[in-house]
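Peer 1: Heads up: the protein sequence lines correspond to chains A and B, in order.
Its first residue numbered 1, the first sequence is counted upward by one per residue in full-length UniProt numbering.
Its first residue numbered 1, the second sequence is counted upward by one per residue in full-length UniProt numbering.
Facing chain B, from chain A, some residues (calculated, C-beta under 7 Å):
#1 Leu3
#2 Pro268
#3 Gln284
Pairs of lysine-lysine, PhoX-like flavour, derived with a Cα cap of 25 Å:
#4 B:Lys516 - A:Lys237
#5 A:Lys237 - B:Lys521
#6 A:Lys20 - A:Lys7
#7 B:Lys516 - A:Lys7
#8 B:Lys300 - B:Lys335
In short, the hints are calculated from the structure, not lab data.
Since the model is a prediction, treat every value here as computed from it, not as a measurement.
No residue lacks a Cβ here, since even glycine has one placed at the ideal position from N, Cα and C.
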Amino acid sequence: MALWVDKYRPRELSKLDFHKEQAENLRNLCKQSDFPHLMFYGPSGAGKKTRIMCLLREMYGSGVERLRSETMTFTTPSNRKIEVMTVSSNYHLEVNPSDAGMYDRTVVIDLIKQVAQTHQIEISGQREFKVIVISEGDELTKDAQHALRRTMEKYVATCRIIISVNSTSRIIPAIRSRCLGIRVAAPNETEIVSILQSTCKREGLALPVELAKRVVDKSERNLRRALLMLEAAKVAKAPFTANQEIPDLDWQVFLRETAAQIISEQTPGKLEKIRERLYELLTQGVPPNLIFRGLVEQLVNNCDMSIKAKTLEFATEYEHRMQSGAKHIFHLEAFVAQFMNIYKKFLSELVMTDDF
Amino acid sequence: MSARKKTWVRCAFSEMNLTASPVTSEATPAKRTRSASNVTTRVSRSQSGNTPKSTPTKIPAVESVDLTAIDDDQDADITGPPPEVRENWMDSFAPATSEDLAVHPKKIGELRDWLRHCEVVRKKFPAQMCLLTGPTGAGKTATLRCLAKEFGFQVQEWINPVDCEVVNALGDQPSGASYVGSHLEAFKSFLLRASRYKSLLDSQNKRLLLVEDFPNVLLSDKEANFEELLDEYSTYGKSPLVFIVADSKSRGLNISYRLFPDQLKAKHRIEHISFNAIASTIMQKSMKSFCSIMQQPQNKATYKMPSSAVVDSIVVGAQGDIRNALINLHLSSLKGVASMPTKQLNVGVATKGRKKKMQSTLNSIGRDESITLMHALGRVLNPKFNEDKSMLHSPEELTEAFNTEPRNFVNFIHANYLPHFRDIEEVVTAINDLGLSDAMLNEYRDDALSVMGLNLAIRGVMLANSSPVSGWMPVRGPKRINIQSQASLAEQRLLGVGFAGISMTLYTTEYSSLVKCIASKHSEDKSSQSKDSFLN
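All chains should be built: construct the whole structure from the sequences, respecting the hints.
Peer 2: Written out as structure tokens, the structure is:
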């Protein structure tokens, strides 16, 4: 019993639902014997991973679909053991080095060495190289990225690297220039609606168009989120109705409440409570940049026109500092404090003009 | 020998005279504030008021010559050479009886009780052990020696040998055929033999072993080593054993913490007596008694009476370290030596008359003021100001105290600053500076930036808060963020093999809440199904 997201994931390049022209190009790329390092970039839930898996299948045949998960252990120079989960087949290995945090450099180097130093056993297989898929490559530290650059060159004979990233801006230019960039844009709304419809048809369910549209709106053109939402909605209420409730992401709800609290009161005491909430989100594992963005969106939506511009200006400044700093909470808190200050001033001015 | 010493003394102190003259201290005002520097000069002038030359002259050379022979009451040796100093001058100040000790009577009582206990069980359990800890110069060793004399114990002390050369079997051949013996072995044999056999030169029968100088092997190796040693001693040892350990701030160097864990203390019933730094009132008293010793006929040739201002400054500067105080007193009251320059501390101390008296400390000599994290946090979060709006504790001093671990201190400030603020506008300026300092601390390519970042954080928070909230607030440690995978087993099963490919952050942001709904439904379905299919 798998999730719909996995169950109805296209397995072949020819069966992809959108960006068909690009799929054709990828097939042509596979026909040649050689193959460069690739970098898939695009927003979350646009189908990067799906495309990568289709590409691998096109190259190696159905053997890549026999997956096994493995926990690999690495030893850092400071003698600390870290465990990283990997998914692999005979032909490829998928890893998420960002889970190793600041030790991702060790993971990247050791992993590629391990994979690349062994040749393919079956020579009859079409390719003489293996593929390493690095997901969330933009979470790699600069150190790890530099290490990756070296190893990419060194082991080019035995392995190819496919990096999947959300934004190329956080990838160092050296890696960008070594990879063939492939942009995977988010599907547009009609595409998502048609995918949702076809999924429901295969499940034997009727999906009202209004509901499909609402799911699309809520998912922010994230196909994975849309499918998961739809399935969760189905679990809540089996035959779909046009105006049934669609479950929310709980961290977004939490963030919305936090924003409401910021607007309700502007004191140092309140700020302390907000800090606790932010800590809770961070310990859950919500990335700080997402928290920042969600918070800014909520606050800007709920405040007066006159202070919107100022809020955004401060948001950019603190977000930038957050990238260069190490303690994300400092900058999140600074932004919240700054907003509280602006908002409080705005309110007091409002009272004054009311009086006159 | 004495001639050499004389020249040494003279040249060392003649240099000091120059810096000590009032003229120079006027030319270079003290760093703090105008008023402080004025006070300094006034103090030194009032001192020179005792001398016949009360009017300050502008010629430093003359002044310094004058100061070399400062005191008029004993002006017999104005031009004479400085006195000779006996080699063991400190012995003449050593406390003879327990009444002379500057230690708090309660602590002396504790140690006395232990020694009495040793006497009582001497026949049955001779190998009693005791651990004395406390800051340097708290009088640990002096107390022990005094009381040992009182009880008639002969103190035998272990001193680390410079080398443990063991001559090889061929005996007296000096060629490099010798090897360095184990310190540990030597230490062990000392413990066992010294407690059993008395020295040929001694008459006393009771012995007490003292270990103040721990062999380094004990510190580098595992503690098990030391534990074995103590086990052996407790069975074979024949006399009480006392360990003296000075407190140390760093954990790695803290012997009492590393070598004497609680279970070891419990196992051998080691009596732990911790001394405190000597209180300033007791210190004052003992300074007086030192002064009276100086007035004794055999010392009169060496010492002159120091002024009370100097004595007070010595007490303040020593911070409870009586050894340091004695050395300073000795140096400042040698004949033929200028009085020491003092510096005003900007800490007011309420005296009995409810008047604030400014404390002063020695300008050059004295212990550095050490400051704990909690104290420093208090100074940052509750900044105090002088009358002229300058800060009582300068941010630079605080920065200097913590520049080895800037990040830690900034994190502590961040964790604790909020409850001390009243106004959100002030919070903004404070957190703004904290954020900037975080960005600066993260820049590893320049060392100087970390100090600047720390300074910025400290100064920013101190200055931002115009009216700190007072009252007791518990100090909280900075929070660590430790992301753990939230997925339950049912959720993992739903995702299958692919779960390993999803990072923890992606899981919480995209999957977690929705998959939870789906998984809960599935588990309901499954529980309604037959159980054996569930197991598969």
